[in-house]
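Peer 1: As they're listed, the protein sequences go chains A and B.
Quick note: the first sequence uses the numbering used here, first residue 1, plus one each step.
Quick note: the second sequence uses the numbering used here, first residue 1, plus one each step.
Hint data in this document are derived by calculation from the structure and do not stem from the laboratory.
Check each hint, because a few of them may be wrong.
[Stated by the list, open to error] Pulled a few chain A residues facing chain B out of the computed Cβ check, cut under 10 Å:
#  : residue
1  : GLU46
2  : ALA48
3  : LYS59
4  : LEU61
5  : GLU67
6  : ALA68
7  : MET74
8  : PRO87
9  : ALA119
10 : VAL125
11 : ALA126
12 : ASN127
13 : ALA132
14 : LEU147
15 : TYR148
Glycine included, each C-beta is placed from N, C-alpha and C at the ideal position.
One-letter residues, chain by chain:
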Amino acid sequence: MTRTDNGFSATRRLVLQGAGAVALVGLGNLPFGLTQAFAANDKYPEEAFKQKTEADAIKSLYGRTAEASDKVKMDAPEIAENGAVVPVSVSTTLADVTSISFLVAENPVALVASYKIPAGTMPNVANRIKMAKTSNVIVVVEAGGKLYSATKEVKVTVGGCGG
Amino acid sequence: MASTIRVRATSSGETTEVQALIQHPMDSGFIKDSKGELIPPHFIQQLTFEYNGKPVFVADWGGGVSKDPYVKFAFKGGKKGDELKVSWVDNKGATDTTTAKIQ
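Looking at chain A on its own, in the form it has when it is part of the complex (with noise of 0.2 Å):
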């Protein structure tokens, strides 16, 4: 008796275990709530720098998709000479911005750069990014828990990625 009770608990353990894998395995999918959580700590998103497309880094990193707005102003040259060093910066008239990130279509790994934007903190951002080859560069915003994204072709003469 004692022995089929415990069976049974055990399986069922395994079936709640189970359970449990399936909730985190499709946390990356979650539109609401659960990962604006895990987006707000400090952790780096290992998994959203192995995405090959910025559409899977983009979920990865947030958990769904960004709409195009025109409040997204994106600073980035028509033409780069060199792919190794693209100067291309953001700004926003967006409130409560929380986060900020770059990424680049056509390189081998789309995320670029993703920055946390404390409350206080500016939602302007300038840096440098390398680009493989001629590409769409978007820009995504976090503010107020939605995702606003920008794009701009770089067309790019000498490559920055591939040597």
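Dock chain B against chain A, hints included.
Peer 2: Here is chain B on its own, set in the frame of chain A:
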């Protein structure tokens, strides 16, 4: 060893503008050397700026950030003479830290 981090933090009264330049190879892992062998990835993963013990800016970087990376941002507050702490950690676990006086 001299610090790999050069920071300039300038207060305008209301806000403090921060510019940082770091010496780091930022190897993406996709580039081959002269022998045709891939140079293994070696890049800064996280760069943190702290003021008054609180992070004012955190950068998560991949191998797509340019060699000897540069970043510029600004935050509200920050008084002349106060200290700004800057630190980074790379994918091999190496770190560096410095403090800069706000000017």
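Peer 1: Holds or violated: TYR148 of chain A as interface residue toward chain B, Cβ cutoff 10 Å?
Peer 2: violated, 18 Å
Peer 1: Given MET74 of chain A as an interface hint, is its Cβ closer than 10 Å to any Cβ of chain B?
Peer 2: violated, 15 Å
Peer 1: Using the nearest Cβ pair, does ALA132 of chain A come within less than 10 Å of chain B?
Peer 2: Given a least distance of 8 Å, the restraint on ALA132 of chain A holds.
Peer 1: Can you verify the interface hint for LYS59 of chain A: is its Cβ closer than 10 Å to any Cβ in chain B?
Peer 2: Since chain B brings no Cβ nearer than about 16 Å to LYS59 of chain A, farther than 10 Å, the hint is violated.
Peer 1: How about ALA68 of chain A: closest beta carbon in chain B under 10 Å, or not?
Peer 2: This hint is violated: ALA68 of chain A lies away from chain B, its Cβ roughly 22 Å from the closest one there, beyond 10 Å.
Peer 1: Hold the hint about ASN127 of chain A up to the distance rule: shortest CB distance to chain B must be less than 10 Å.
Peer 2: With a minimum Cβ separation of about 5 Å from chain B (threshold 10 Å), the hint on ASN127 of chain A holds.
Peer 1: Against chain B, run the beta carbon of LEU61 of chain A and see if the smallest gap drops under 10 Å.
Peer 2: holds, 9 Å
Peer 1: Given ALA126 of chain A was flagged as interface, is its beta-carbon under 10 Å from a beta-carbon of chain B?
Peer 2: holds, 4 Å
Peer 1: Is the interface hint satisfied for GLU46 of chain A? The criterion is a beta-carbon contact with chain B at less than 10 Å.
Peer 2: holds, 8 Å
Peer 1: Measuring from the C-beta of LEU147 of chain A to each C-beta in chain B, is the shortest one below 10 Å?
Peer 2: Violated - the Cβ of LEU147 of chain A stays beyond 10 Å from chain B, reaching only about 16 Å at its closest.
Peer 1: Against chain B, run the beta carbon of GLU67 of chain A and see if the smallest gap drops under 10 Å.
Peer 2: Result: violated, 23 Å to nearest chain B Cβ.
Peer 1: Close enough to count: is the Cβ of ALA48 of chain A nearer than 10 Å to one in chain B?
Peer 2: Nearest chain B Cβ about 8 Å off; hint holds.
Hint violations for this structure: numbers 3, 5, 6, 7, 14, 15, all remaining hints satisfied.
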